[in-house]
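A.B. asks: For reference, the chains in residue letters:
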Amino acid sequence: MSLLSWRGWKASLVFVSVLLAACGGGNTSTAAPLAGCNSGTTLATFWTSHTPPDSDSLKHIVDAFNKQSTATCVKLVQVPGSETDIAKLTTAVRSGTGPDVYMLDRFTVAERAAAGVLEDLSQYGAASLAGSYVDFAWAEANFKGKPYALPFDTDTRALYYRKDLLQAAGVTDLSALDPANGPPTIDQVRTMANKVNHKTGGAYDIVGFIPYLNQGWHYTWGFVYGGSFFDKSSCKVTPNDPKIVQAYTDMFTNWDKALGVDAVQTFVSSYNPPNQPTQQDPFLTGHLGFVISGDWVLGQIATYAPNLKYGVTYIPVPKKGDQPATWAGGWSDVIPKNAKNAKGGYEFMKYIAGEPGQRVYTKETQHTPTIKSLQSDSSLFPGDHQFFIKQLSAAHSRPPLPVGAFYWDQLSTAQDAAVRNTMAPQAALDAAATATNAKLQPFCPLA
Amino acid sequence: MERIRREAESPRGAAVIAAPRLHLSKADRRNLRVAAPFILPWVVGFLAFTLYPIVYSLYLSFNSYSGFGNATPVGFANYQHLTSDPLFWKSLWNTLYYTGLAVPIGLVIAIVLALAMNQKVREVAIYRAAIYLPSILPLFALTFIFIVLLNPRFGFVNYLISLVGGPTINWLGDPKWTRFSVVLLAQLGAGGPALIFLAALRAVPGELYESAALDGAGALRRFQHITLPLITPVILYDLIYGTILGVQIFTPAFILVGGTSGGAAYTAGPDNSLLFYVFYLYKQAFQYSDMGIASAMAWILFIISVVLSVVIMRWSRYWVHYEVS
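Protein sequences appear in the order of chains A and B. Numbering-wise, the first sequence is residues 1 to 447 according to this note's numbering. Numbering-wise, the second sequence is residues 1 to 325 according to this note's numbering.
Derived from the structure by calculation, the hints contain no laboratory data. Do not take every clue at face value.
Unchecked claim - Listed below are the simulated BS3-like cross-link pairs for lysine-lysine, each with C-alpha atoms no more than 25 angstroms apart in a straight line:
id, chain 1, residue 1, chain 2, residue 2
1, A, K439, B, K176
2, A, K243, A, K59
3, A, K199, B, K176
4, A, K337, A, K236
5, B, K176, A, K257
6, A, K146, A, K363
7, A, K146, A, K236
Unchecked claim - A few chain B residues that don't get close to chain A, going by computed Cβ distances all over 10 angstroms:
id, residue
8, A116
9, Q119
10, D174
11, G192
12, V257
13, D271
14, A285
15, I303
We treat Cβ as the ideally placed atom computed from N, Cα and C, and that holds for glycine.
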């Protein structure tokens with residue numbers, strides 16, 4: 001006996017025909033793929049893990065691009081992820097559902113290119129744009145001599161201080177914090193910060209300075225102490241450079257010991273817990289006298305604490321006369337493998353990572369552009385932003401390694417051990433060097 | 001017609017299902033042909049999305065592979081690398097520590113909740129809903145609430161502790177307490193197992209309690225000698241299921257430290273105390289692009305799960321009672 005009657009087969013045939021017609025008919029239309037796009041344009045998807053307020057600015061850039069492009073219509077999609085976590089991108093690209101453009105932390109470009117996640121942009125003529133970008137940003141966007149990304153924003157780090165907290169603690173002479181007098185020494189900052197420390201009920205409710213909070217990373221203090229994190233000639237990471245070991249000892253181990261490890265950790269967990277909203281940041285809410293952070297904080301202050309009495313100066317140096325140091329990071333735009341509209345994606349990349357996009361992003365978020373031509377436009381850098389721009393020419397950058405994310409985690413693990421006094425800095429950094437070099441070795445030589 | 005026969009019973013009386021023997025008639029075979037297309041989607045899904053990934057991950061565990069391009073055979077190098085990786089052992093220890101605490105504590109809490117839900121009071125439906133409610137809340141939301149509750153200075157938990165003169169505990173910032181915090185968080189999901197225990201409690205014949213009461217047994221004795229033995233099959237299920245889920249703990253740690261870690265520098269909790277096994281596996285796969293290592297870790301975890309399950313099953317011979325069905 002047949003499973004279906006002839007009438008049933010006919011009905012099925014009609015149903016399948018209608019279904020196929022419904023699925024296949026979109027290509028001849030010239031209608032705009034999205035509202036705000038021009039007709040006849042083709043869709044390109046752009047993924048970012050950024051969150052407001054930065055993602056709001058990205059939306060403005062996408063809208064402006066869509067208005068002027070006659071070929072491409074970009075759809076912005078916010079996806080889960082972080083600087084080093086690209087799980088969403090990896091799985092989507094493997095399954096053929098990835099985006100046409102992805103915003104990737106620039107220091108991981110080499111790592112993702114080595115893993116084969118990214119398209120080589122040479123085929124689009126990206127190499128010709130090299131001269132448009134600041135050198136370190138362009139170097140980070142390349143791997144083994146080929147461009148895999150267009151640099152987007154950058155940033156530098158500095159020491160923010162609360163004038164009101166310092167004055168309330170009796171620190172009236174702030175001349176050491178005037179950038180015109182060069183960088184303050186670590187001892188000068190320590191003296192001022194100790195006066196700000198305040199306890200209620202035996203626990204800190206105000207701490208002058210915790211060097212490793214916010215952007216006081218391993219890289220920050222390693223560069224300040226003149227350390228080198230990578231030796232090109234031997235193709236080995238060098239986190240156990242004596243200068244970096246000294247930085248860990250002074251700024252993590254000894255600083256925390258002086259404040260009391262448990263007491264300061266309880267303060268951090270109370271006032272700066274994981275996944276905290278920006279507006280509750282301990283510096284903005286008056287629980288921290290000094291903090292190292294980047295230029296984007298200027299935008300946060302303007303949004304969440306416009307009347308804050310604060311100042312900005314160089315990151316303190318070990319001894320008077322030392323050259324100031326900072327480092328620059330930032331993001332980039334890439335085309336992942338298997339992109340369906342890579343051509344349209346590249347058209348958008350040139351826009352967002354070019355002058356029009358970076359101009360909007362700089363204005364709206366107070367980040368720093370990587371396009372050289374914009375860095376001389378002083379109208380983009382009002383007030384304290386100028387100070388950050390001036391630092392850029394001498395800023396360090398993280399070595400663009402194919403194991404960058406792993407190296408970061410290893411340095412962070414060593415930092416945590418140093419902060420908690422669970423391991424001597426030398427031993428912790430030796431372990432980081434051994435583990436990272438074992439991972440790095442198969443990629444050498446990098447040139 | 002009896003097609004599947006129970007052919008044997010264990011020496012201790014527990015019923016054991018023997019290997020089925022199929023005797024298909026002509027009509028049965030025709031029915032099977034008709035049924036085959038209907039079960040085909042599941043079979044294809046199983047082969048494509050379960051069996052193939054399992055076999056492929058075994059293959060990858062002997063290769064160096066970023067997830068893209070060609071895999072390079074490396075023999076047992078991935079397994080050897082893991083044995084010399086201190087973070088691998090740390091993640092394993094963190095996971096076993098969590099499982100060793102969360103499963104038995106969860107078992108006790110689930111039984112207590114089930115007993116509470118089994119009380120013969122008019123409002124029991126409301127109590128059941130209230131007790132079960134946390135189990136249907138997204139873990140993401142629960143974890144965020146937990147961060148606030150466990151804040152050392154402003155959190156409700158430390159406030160309660162301070163009322164009895166206890167110390168200030170840095171739940172999520174002190175490696176001595178972080179794993180236990182996740183154990184506590186896991187107990188908010190005890191409503192699910194409690195429902196299963198409730199079903200088991202309601203299956204206990206009432207006449208046993210009546211007889212025991214007539215013989216003068218108190219509530220505690222009735223629980224110890226009637227209730228507990230008769231729900232041991234469910235306890236065994238909960239132990240095995242809880243252990244298998246326990247060694248796969250991932251989400252709370254990922255939410256706590258996977259995004260921003262606040263003011264701290266760590267990437268997996270203070271002193272890597274929240275670097276659970278699957279969290280480290282995830283990092284290997286999606287942060288370090290090392291699918292070979294991640295696959296090797298997955299297979300090691302599978303073997304650990306099997307070993308733990310077998311140990312629990314063997315142990316259960318001494319305390320699980322199947323006599324009353």
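A.B. asks: Which hints, by number, does the structure contradict?
C.D. replies: Of the numbered hints given earlier, those the structure breaks are 1, 2, 4, 6, 10, 12, 13 and 14, listed in rising order.
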